[in-house]
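As you go down the protein sequences, you meet chains X and D in turn. Heads up: the first sequence runs through residues 268 to 527, numbered per the working numbering. Heads up: the second sequence runs through residues 268 to 527, numbered per the working numbering.
Quick caveat, the hints were computed from the structure, so don't treat them as lab data. Treat the numbers as computed from the prediction; the structure is a model and nothing was measured. Hints may be right or wrong, so weigh each one.
Since the list gives no way to pick one copy over another, a pair counts as held whenever it fits inside one copy or between any two copies.
[To be verified] Subject to a maximum C-alpha distance of 30 angstroms in a straight line, what follows is the list of computed DSBU-like cross-link-like pairs (lysine-lysine):
(1) K500 / K272
(2) K437 / K500
(3) K500 / K408
(4) K374 / K438
(5) K374 / K455
(6) K455 / K368
(7) K468 / K408
Number of protein chains: 2
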Amino acid sequence: MSDIKVTAAALVIGDEILSGRTRDENIPEIAILCTEAGIELSEVRIVADVQGQIVNAVNDLRKEYDYVFTTGGIGPTHDDITADAIAVAFNVDLPVSEEAKALIVSKYGEMDFTPERLRMARIPVGASLIENVVSGAPGFKIENVYVMAGVPVIMRAMLEAIAPTLKGGKKMLSHAIDVGVGESTIAKGLGDIQKQYNGVKIGSYPKMGEKPVYTQVVLRSCERLLLDEAAQKVQAIVDEAHRALDIDLPPKLKKALELK
Amino acid sequence: MSDIKVTAAALVIGDEILSGRTRDENIPEIAILCTEAGIELSEVRIVADVQGQIVNAVNDLRKEYDYVFTTGGIGPTHDDITADAIAVAFNVDLPVSEEAKALIVSKYGEMDFTPERLRMARIPVGASLIENVVSGAPGFKIENVYVMAGVPVIMRAMLEAIAPTLKGGKKMLSHAIDVGVGESTIAKGLGDIQKQYNGVKIGSYPKMGEKPVYTQVVLRSCERLLLDEAAQKVQAIVDEAHRALDIDLPPKLKKALELK
Numbered sequence: 268m269s270d271i272k273v274t275a276a277a278l279v280i281g282d283e284i285l286s287g288r289t290r291d292e293n294i295p296e297i298a299i300l301c302t303e304a305g306i307e308l309s310e311v312r313i314v315a316d317v318q319g320q321i322v323n324a325v326n327d328l329r330k331e332y333d334y335v336f337t338t339g340g341i342g343p344t345h346d347d348i349t350a351d352a353i354a355v356a357f358n359v360d361l362p363v364s365e366e367a368k369a370l371i372v373s374k375y376g377e378m379d380f381t382p383e384r385l386r387m388a389r390i391p392v393g394a395s396l397i398e399n400v401v402s403g404a405p406g407f408k409i410e411n412v413y414v415m416a417g418v419p420v421i422m423r424a425m426l427e428a429i430a431p432t433l434k435g436g437k438k439m440l441s442h443a444i445d446v447g448v449g450e451s452t453i454a455k456g457l458g459d460i461q462k463q464y465n466g467v468k469i470g471s472y473p474k475m476g477e478k479p480v481y482t483q484v485v486l487r488s489c490e491r492l493l494l495d496e497a498a499q500k501v502q503a504i505v506d507e508a509h510r511a512l513d514i515d516l517p518p519k520l521k522k523a524l525e526l527k
Numbered sequence: 268m269s270d271i272k273v274t275a276a277a278l279v280i281g282d283e284i285l286s287g288r289t290r291d292e293n294i295p296e297i298a299i300l301c302t303e304a305g306i307e308l309s310e311v312r313i314v315a316d317v318q319g320q321i322v323n324a325v326n327d328l329r330k331e332y333d334y335v336f337t338t339g340g341i342g343p344t345h346d347d348i349t350a351d352a353i354a355v356a357f358n359v360d361l362p363v364s365e366e367a368k369a370l371i372v373s374k375y376g377e378m379d380f381t382p383e384r385l386r387m388a389r390i391p392v393g394a395s396l397i398e399n400v401v402s403g404a405p406g407f408k409i410e411n412v413y414v415m416a417g418v419p420v421i422m423r424a425m426l427e428a429i430a431p432t433l434k435g436g437k438k439m440l441s442h443a444i445d446v447g448v449g450e451s452t453i454a455k456g457l458g459d460i461q462k463q464y465n466g467v468k469i470g471s472y473p474k475m476g477e478k479p480v481y482t483q484v485v486l487r488s489c490e491r492l493l494l495d496e497a498a499q500k501v502q503a504i505v506d507e508a509h510r511a512l513d514i515d516l517p518p519k520l521k522k523a524l525e526l527k
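Chain X with its partners taken away, still in its complex shape (with noise of 0.2 angstroms):
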């Protein structure tokens, strides 16, 4: 763990999340692998599977951030154009790697070794493998980039094996308060709060459509110093709302708060 910010971005590829048919279920477990590492999750695009949507994508993101995770598109059919996307955009080849095919052959057994596993087995001039214990076919990185499938249960399993090697920076730390009235109501407190902490970003959530109404606030910062001292101003602003509300609710609203 460091002082220095480390930063990242994730890049999901496949028509199926764009066109509605399948939820992406791997953005929250980048981000919540990347917050616990102590690395800044800076930016996600979901592109589809065209390899200049990739290509562009790749080349911009890994420019801009510390590390890039890839996720689908490295299956064995034809519109799994991952590998060849990150080979255009690093300009390297696209071979056969053995080591990669030994994994897969492991996995199905000689005879099972299809041309179309063959497939998964082409691997970037200068990429390292990524371990996949669920199916056998390996992701890869590349310099910075981090290339995974996208079945959930595999991405998973590559984050795992990816997990160690990764250096994050200096960890952010987070201090939630919930809060029983509607955000409008604190909003100048926490202007005011957060125009003296610029080392802390506090957000506000509000939960609309539940009853009683009801608002998280976030801080985060890197310093424990400074974001305890602001989750204690943050606090007071809170119990001063919550106490303004004894005198003014109607009592039914007030017994919903109490009961929260």
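For chain X, the structure is supplied; the task is to place chain D on it using the hints.
Leaving out everything else, chain D in the frame of chain X:
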């Protein structure tokens, strides 16, 4: 419904998604709306509550695609900076809109119209409002950019408000085929059919970790005749793969497949 292709991008704005604290629920809603409207959702980006990031993403996406849908960052607190960022992106002022103010007042009453709620009435010059039946404070549309709330229930209300105004292109039709074998088994056949049908996009989605092994093939095209023809060919190779299973499969797995 016309013959031209209409494209869109979604831009999700919010630290809470990138930190993994909140799971996005809006992207699938936008994806499904687009698909139903004959609009191709071509790209999604998720960025932090950072003005520079929002401005760059909006300016990239609005040039590239016919529609841009943003979610998040239009509430009353200091961390809601989307309206400001959009005004910067379009290089226009951000005055209080009397129309927006009236909508918010009509929801909360004049007395509860705090300065923080006034913040939600700031609308970029040249924008028109998007109705919010849930909580009053409107979204807005400026040129081809639709700025909506991040709270899912409000976002959905806004999406319903704009849906009738969107002009879709030729509608994408789809045909899904369930396959009781792993995708490697049919990969060659699928690839061959894909080569014959440029106008049809064939996707293969393995459901890993599920027993019995299961794959879904999805064909998509704007041309009904082409789609049906390609789907018939895929169905034929799938039927063949299933028949082959009858001979080779251990009785137990065969039974499981039949039960499916």
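Status of each hint after checking the structure:
In the homo-oligomer, the alpha carbons of K500 and K272 lie at most 30 angstroms apart inside one protomer (26 angstroms), although the nearest pairing across protomers, at 53 angstroms, exceeds that limit. Proximity of K437 and K500 under a CA criterion of 30 angstroms is satisfied intra-copy only: 24 angstroms inside one chain copy versus 55 angstroms between copies. Neither within a single protomer nor between protomers do K500 and K408 lie at most 30 angstroms apart by alpha-carbon distance, with minima of 45 angstroms and 37 angstroms respectively. In the homo-oligomer, the alpha carbons of K374 and K438 never lie at most 30 angstroms apart, since the shortest distance is 38 angstroms inside one protomer and 42 angstroms across protomers.
Only between protomers do K374 and K455 lie at most 30 angstroms apart by alpha-carbon distance; the minimum there is 20 angstroms, versus 60 angstroms within a single protomer. In this homomeric assembly, K455 and K368 come within 30 angstroms of each other (Cα to Cα) only across copies, at 18 angstroms, whereas the closest approach inside a single copy is 61 angstroms. For the homomeric pair K468 and K408, the shortest alpha-carbon distance between copies (29 angstroms) is at most 30 angstroms, but the shortest distance inside one copy (32 angstroms) is not.
Violated hints for the displayed structure, listed by number in ascending order: 3, 4.
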